[in-house]
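Heads up: the protein sequence lines correspond to chains A and B, in order.
With my numbering applied, the first sequence covers 1 to 416.
With my numbering applied, the second sequence covers 417 to 564.
Misleading hints may appear alongside valid ones.
As the list claims (entries may be wrong) - Simulated coverage check for chain B against chain A, where a stretch passes if three residues somewhere in it have a Cβ under 8 Å from a Cβ of chain A: (1) 449–460; (2) 492–505; (3) 514–521; (4) 527–541.
What the hints contain is simulated information worked out from the structure, not anything from laboratory work.
For every residue, glycine included, the Cβ atom is placed at its ideal position computed from N, Cα and C.
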Amino acid sequence: MGEMHAAERSRLWSPERVRGDFPALSLKINGFPLSYLDNAATTQKPKVVIERLAYFYAHENANIHRGVHRLAELATAAYEGARERVRRFVNARSVEEIVFVRGTTEAINLVAASLGTLWQRGDEVVVSAMEHHANIVPWQLLAERQGIGVRVLPMNEAGELEVEKLPELLTPRTRLVAVTHVSNVLGTMNPIAEIVRMAHAAGALVLVDGAQAVSHLAAVDVQALGADFYCFSGHKMFAPTGIGVLYGRQELLAEMPPYQGGGDMIRTVSFAGSTFADPPYRFEAGTPPIAEAVGLGCAIDYLAQWDRQAAEEYEQELLDYTIARLRAVPGVRVLGSPQRRIGVVSFTLAGVHAHDLGTVLDRYGVAIRVGHHCAMPVMDFYRVPATARVSLAMYNTFEEIDQMVMALEEARRLLG
Amino acid sequence: MEGLRELYQELILDHKRHPRNFRVIADATAAVEGHNPLCGDHLWLYVKVEGDRIADVAFQGEGCAISTASASLLTESLQGQSVAEAERLLQEVIALLTEGKGSAEALGKLGVLAGVRDFPSRVKCAMLAWRTLEAALAGKGTPSVTTE
């Protein structure tokens, strides 16, 4: 098969092929068909994932890694099967590199709390100017606790990181660079491989927040990216809430101390002291969200049956259309104009506060996110208190964007 | 749209477009900051009490139509009132907005705020100025309040 043009390829994807799989997408809101454009907050769930949870509880429910009875074996196999699916999904070398956590936030907190104990006062981390609070606050807490310095990699008006300034921020004391793969406010896709090259050259590790990347990109390959840590949440990629993933390079996880203490993370316990299990179990104290992990594995299987390259290209076309329609509305200001934007766009409407906009759109069945998107530094950068954010998934349609723009015009007439 | 017209009545839109008493009171007896961290609504409420009377009340800040109109209506209705009357109004507005108790008609112009009751996520927008007033009247030197 020869090289196919992107527009040609995207025609291989039709959202109608998947919409029927998502029960929530046929809801009516205020008499209108739901236009669900808040996928960066959480995606809807396909029937297979919803049914997988019910099947687990009805047929396989037991605690894992203990007990020799049949259900315990089934539950353990399902849970560890999900770990192997995640490994393949991000192309990690081994399942030992896949730690189950509650979500992206916990993954980052785990690294900050655990790896951070190995650092010295005066060591530094670099975070980017477009991070979600989840990739800022854990480092600030560490800074307060241990005297770690936090430096900021700036961004420009286009909403792109000034990566060329990274080398001057890297010092012999820089231990880690924390950066988002795709901005949850601007949709900017950051050049991770380039950032990794610079950081590694200076002896620093790189942690990537992949929360907004995994459901949009045709593939995420942690080895190709060169990331030392890669974090994401299940619920933003069609899986249940309460389950997320920390990928960490095996040799790094191996030297990191436990994050929480409890059952399942130990080798031996006595009152004289305890020894700890190897990764990933060292970092999974207590009963994990078993059914949710199994649900994540199921969501990965669900995604695997589609031509994800075609889906990514379709989403790109839909995003370009969204931005063109938004820019044509008088008074709309689209934040940033990054070269590579994935799945997300934020905007303001002159004279109309984002919250009023959100309320009006909801009346027309359109669900968007309004507010600061847990990224106050980005709001400060653009000098806006809040924005409206449209975020897409592979099941969104051009008609939903038209409905959103129609409701936007209504808001302008009513409130502008 | 029926529901939207209930929420965004002309009076609300008028106060949103032309907020009353939108200024600083340099010699205020209480200046309290109100903040809604979820949506970023943010205001400063200034109250100048002389004896048992509210000699002046004003606000500044930025927020949605509902929070701006609510603050504007608050300053308009409390101007020159006794502190006791202000406290009575405050309790009535809180009861109406948060518990649906009392009558919107009895509150006169302020009754227009009752439109938020059908929009649960917006009640805190309307409440922000009033929670800030509550702190200002309590006079405990509360530097800031949040509605969440």
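Each hint tested on the structure:
{"no.": "1", "hint": "449–460", "verdict": "holds (count 5)"}
{"no.": "2", "hint": "492–505", "verdict": "violated (count 0)"}
{"no.": "3", "hint": "514–521", "verdict": "violated (count 0)"}
{"no.": "4", "hint": "527–541", "verdict": "holds (count 4)"}
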